[in-house]
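Just so you know, the sequences run in chain order A and B.
Just remember that the numbering used here sits 193 ahead of the position in the first sequence, which is counted from 1.
Just remember that the numbering used here sits 193 ahead of the position in the second sequence, which is counted from 1.
Be careful, since some hints might not be right.
Copies of the same chain are indistinguishable here, so a pair counts whether it falls within one copy or spans any two.
[Unchecked claim] 35 Å max Cα-Cα, derived DSBU-like pairs, lysine-lysine:
1) Lys375 <-> Lys494
2) Lys442 <-> Lys473
3) Lys473 <-> Lys364
4) Lys384 <-> Lys494
5) Lys451 <-> Lys473
6) Lys375 <-> Lys428
7) Lys364 <-> Lys236
8) Lys451 <-> Lys236
9) Lys384 <-> Lys442
10) Lys428 <-> Lys236
If you are wondering where the hints come from, they were derived from the structure by calculation, not from laboratory data.
Small disclaimer: the values here were computed from a predicted structure and weren't measured.
2 protein chains.
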Amino acid sequence: MKSGAVLAGVLGACADSGKVNDSGPRTLGDIPSPYGQRSTYEKSVRYTNLSVTPEAGASRTPLQDSYGILTPSSLHFERHHSGIPTIDPSQHHLLIHGMVDRPLVFSMEEIFRLPSVSRIHFIECSGNSGREWTTPEPTVQRTHGMLGCSEWTGVSLSLLLSEVGVQSEAKWIIAEGADGCKLHRSIPMEKAMDNIIIAYAQNGEAIRPEQGYPVRLVVPGWEGNTHVKWLRRIKAVDQPYMGREETSKYTDLMPDGKARQFTFVMEAKSVITFPSGRDKLPGPGFYEITGLAWSGRGLIKSVEISIDGGQSWQEAQFQEPRHPVALTRFRLPWRWEGQEVTLRSRCIDETGYVQPSREALIEARGLNTRYHYNGITAWRVSSDGSVQNAYA
Amino acid sequence: MKSGAVLAGVLGACADSGKVNDSGPRTLGDIPSPYGQRSTYEKSVRYTNLSVTPEAGASRTPLQDSYGILTPSSLHFERHHSGIPTIDPSQHHLLIHGMVDRPLVFSMEEIFRLPSVSRIHFIECSGNSGREWTTPEPTVQRTHGMLGCSEWTGVSLSLLLSEVGVQSEAKWIIAEGADGCKLHRSIPMEKAMDNIIIAYAQNGEAIRPEQGYPVRLVVPGWEGNTHVKWLRRIKAVDQPYMGREETSKYTDLMPDGKARQFTFVMEAKSVITFPSGRDKLPGPGFYEITGLAWSGRGLIKSVEISIDGGQSWQEAQFQEPRHPVALTRFRLPWRWEGQEVTLRSRCIDETGYVQPSREALIEARGLNTRYHYNGITAWRVSSDGSVQNAYA
Chain A
194 MKSGAVLAGV LGACADSGKV NDSGPRTLGD IPSPYGQRST YEKSVRYTNL SVTPEAGASR
254 TPLQDSYGIL TPSSLHFERH HSGIPTIDPS QHHLLIHGMV DRPLVFSMEE IFRLPSVSRI
314 HFIECSGNSG REWTTPEPTV QRTHGMLGCS EWTGVSLSLL LSEVGVQSEA KWIIAEGADG
374 CKLHRSIPME KAMDNIIIAY AQNGEAIRPE QGYPVRLVVP GWEGNTHVKW LRRIKAVDQP
434 YMGREETSKY TDLMPDGKAR QFTFVMEAKS VITFPSGRDK LPGPGFYEIT GLAWSGRGLI
494 KSVEISIDGG QSWQEAQFQE PRHPVALTRF RLPWRWEGQE VTLRSRCIDE TGYVQPSREA
554 LIEARGLNTR YHYNGITAWR VSSDGSVQNA YA
Chain B
194 MKSGAVLAGV LGACADSGKV NDSGPRTLGD IPSPYGQRST YEKSVRYTNL SVTPEAGASR
254 TPLQDSYGIL TPSSLHFERH HSGIPTIDPS QHHLLIHGMV DRPLVFSMEE IFRLPSVSRI
314 HFIECSGNSG REWTTPEPTV QRTHGMLGCS EWTGVSLSLL LSEVGVQSEA KWIIAEGADG
374 CKLHRSIPME KAMDNIIIAY AQNGEAIRPE QGYPVRLVVP GWEGNTHVKW LRRIKAVDQP
434 YMGREETSKY TDLMPDGKAR QFTFVMEAKS VITFPSGRDK LPGPGFYEIT GLAWSGRGLI
494 KSVEISIDGG QSWQEAQFQE PRHPVALTRF RLPWRWEGQE VTLRSRCIDE TGYVQPSREA
554 LIEARGLNTR YHYNGITAWR VSSDGSVQNA YA
C-alpha cells in the first residue's frame, strides 16, 4: 500500500495541504445532554409516500446512508395497517390462551422478570422491492427500504408456550396486535416453538412506538407482517384463521392460477447500497462497492459482484462476525475507469440457495403479485458518473 | 418447563385473567414519521452531574435500563473537556503529517470514498467506577455508566498511515481533536498500525456530535480519552508529547510513589445491571440476574456469579455471538427466597486474566488514584428486596 496505488484516485485529490482549515472552534461547546440527538447537518430520513389514508402507510429506511449491519431505530422502516397506537405500558397485558392447559395473562412488569434473550435479526416487509417486478423505482431506499436490522431483546415465545401447556391438538397460534384493526397472523406451532422472540427492546432501549411498543413478536426470517406489533394476545388453535393478511394480502397468484400461500420465509437476497440509484460518482478512480445481503434461512455464505453486466463475478468481503438471519454487510474495492458499467450483486445462503436473476424469478412466478421479490437488482453507472436502476 | 416450576414465582402472580384490559385502541393511530422518537412513557436518561464549568463535564449511560450489548447513541455516555463543538462536515478536514513521506489532507467526502470497516466495540472512560476505590456510589449508572458499546464504521488508520508513508523514526502518533481545548493523546505507532478505526458512523448512522461528529478515533480496548473526538490532525512523531491527559490526568500514583503511566488497556471487568443499586425486588420468586462484561484484550471467556457473598460461584450464560473488545451480556436464572444476599460477578478474558476483588485491587494499586478501577462490585439485597452497593 506504500505506493498509494490502490487509493491514488482519491488521494490524488487530497494532497493539497492548502485546504486545511485551522479556524475551527476555539470556544467552549455544548454541555452534556440527557438524551442525545443527531447533528443538525444530518438530514437522512425515512421516505414516506402517504396515501389518503396515511394510517395504512409505510416508510422506508434510507439504505443509501446505511453503515454496518444495524439500522438506527429512528430510521427503521414502518408499515402500519391502522396507524401507531399510543399504549401505556402499565395498562398493557399479554394474554396467552386457547388450546392450552393454563391460560395466563402477563403484565409488562411480569414479562420483564422472565428469562431474556437478545439476538440481531433483520425484518423485511413481504412487499419490499415489490415494484421491481414491473416498474422498478429509482433509489435503493425505494426499491429495498422496507428492511431493517436490529438487536432485539425479549422473552422466548417457546418458554411461555411451555408454561401455559399447549395441547396436542393445537397446530397453529394466532398472534394479535392492539392496534385499531387488531392485526393478526396465523403462525404454525412448529415455528412458535422454535425461535420467536416476544421483544420489548430494540437496539439497547425500549422498542419504539412505530415498532410495536411496548411489545411485539420477532419471527426470525419470516415475512414482516408476522412480526405482530403491539402484541396483546396469542391463541393456540387447530388451524390458521385465514385472516386478511394471509388471503387478500401476502398470497402470491402464480402463472398457473394457483395461489402461493403461507410463504413465510424471506428467501436470500442482496442489494448494492453504494453506488446506487441517483448517486453521482465525481470521476474515475477508487471506490468501494458496498451493500447488504440477508436470508431468512440463516447465514449468508457468499456474495458475488459483477461490474460487467453479469458476465463475470467477483467475491466480496464480509463484515465479521456474521449473524444468522441478520443483515450482512459486504464490500469490494473497485477502480472505475469512467466507462458505462452495470453493477449487480447476488448472494448464496448456507442452504446453498442462490439469489435468482429478475428474469428467472419472473419466469417462475409470473407477474400477478407484488410480494416476495428477491431477484437481483442492477445499477447502471453512466460515463458521466450518474447511477440509475438498470431495469427502470 | 411444563411444570412451571422455574417461573412459578412470576407466573403465580399472573394467573388472574381478570386483569385483561380489552379497552385498547379502537381508533386509527399516528402515521409514519421521517425520523423516529421513543415512547413518551420512556424516561431513561443519561445522568449528568454538572459542575460550575459544565463544558468539562460528563454524563453516564443508564446501564440499569440497558438491553443486549448495544448502547443507544442517545444514551451513550459523554465526557468532554471543553464542550461539544458544532462542526460543519463540509468544512472539516483531517491532516496527517509529521514524520511521513507524503503529508495528506482529507475532506470528509474523500474519507467516505475509502475502504471501510465496521466493528462492535466498547468505549470506557479511564475514570469509570473511579469512586469505587473509596466512596462507592449508589447505582450502576453512577458506578459504571461511563461505558458504552456501539457498531463503529470508518476507515482503518493503518491504511491511511500506509498511504502517507510513515518514516522509520516515527514511534508514536499524536491525535488531536477540533474541540476548543484541542484535546490530544499520544498513541504508540504499534497500536496505530494495528486496529484503530477513524470512525464516521455509530450504530448505523452518522456519529453523533457528542461522540465526535463528523469523525473520531476508535481505539479498541484502550482508555476512553485516547478515542479522540472531532479528529482534525494526526502527527507522526518520535516520542509522546506528555500532554495534560497523560500526565496530570489518567496516570496512576502507586503506593510506592511511582507513576503508573500510559496504562492504555482497559482490563477485564464486569458488573451486574439487574438487580443493582436502588432496585426493589417485589418479593421472593424467580428473577434473572443479568449484566455486562468486557475486556480491552479481546473476548470474555467466562463470567461467574456469586449469590452468597463470594463463597461459591456459578457460571453465567452469554448472549452469542460474542464480539471481541465489546460488551458481553451475561444472564443467570435465580430464585430469591427472601433472605439477605450479596451478589457479585467476576469475569475472565481470553488471556486468562481474572477480574480482581476490590480488596486485591486496592492492595496492588493503593488509593492514590481515581482511574482504571476494574475490581468486583457487590450488590446487597436486603430481606425487604431493596438493593444497595455493598461497599457503600
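Hints and how they fare:
no. : hint              : result
1   : Lys375 <-> Lys494 : neither (38 Å within a copy, 45 Å between copies)
2   : Lys442 <-> Lys473 : neither (37 Å within a copy, 47 Å between copies)
3   : Lys473 <-> Lys364 : neither (53 Å within a copy, 40 Å between copies)
4   : Lys384 <-> Lys494 : both (23 Å within a copy, 32 Å between copies)
5   : Lys451 <-> Lys473 : neither (44 Å within a copy, 58 Å between copies)
6   : Lys375 <-> Lys428 : within (13 Å within a copy, 61 Å between copies)
7   : Lys364 <-> Lys236 : neither (47 Å within a copy, 41 Å between copies)
8   : Lys451 <-> Lys236 : neither (45 Å within a copy, 51 Å between copies)
9   : Lys384 <-> Lys442 : within (21 Å within a copy, 55 Å between copies)
10  : Lys428 <-> Lys236 : between (43 Å within a copy, 33 Å between copies)
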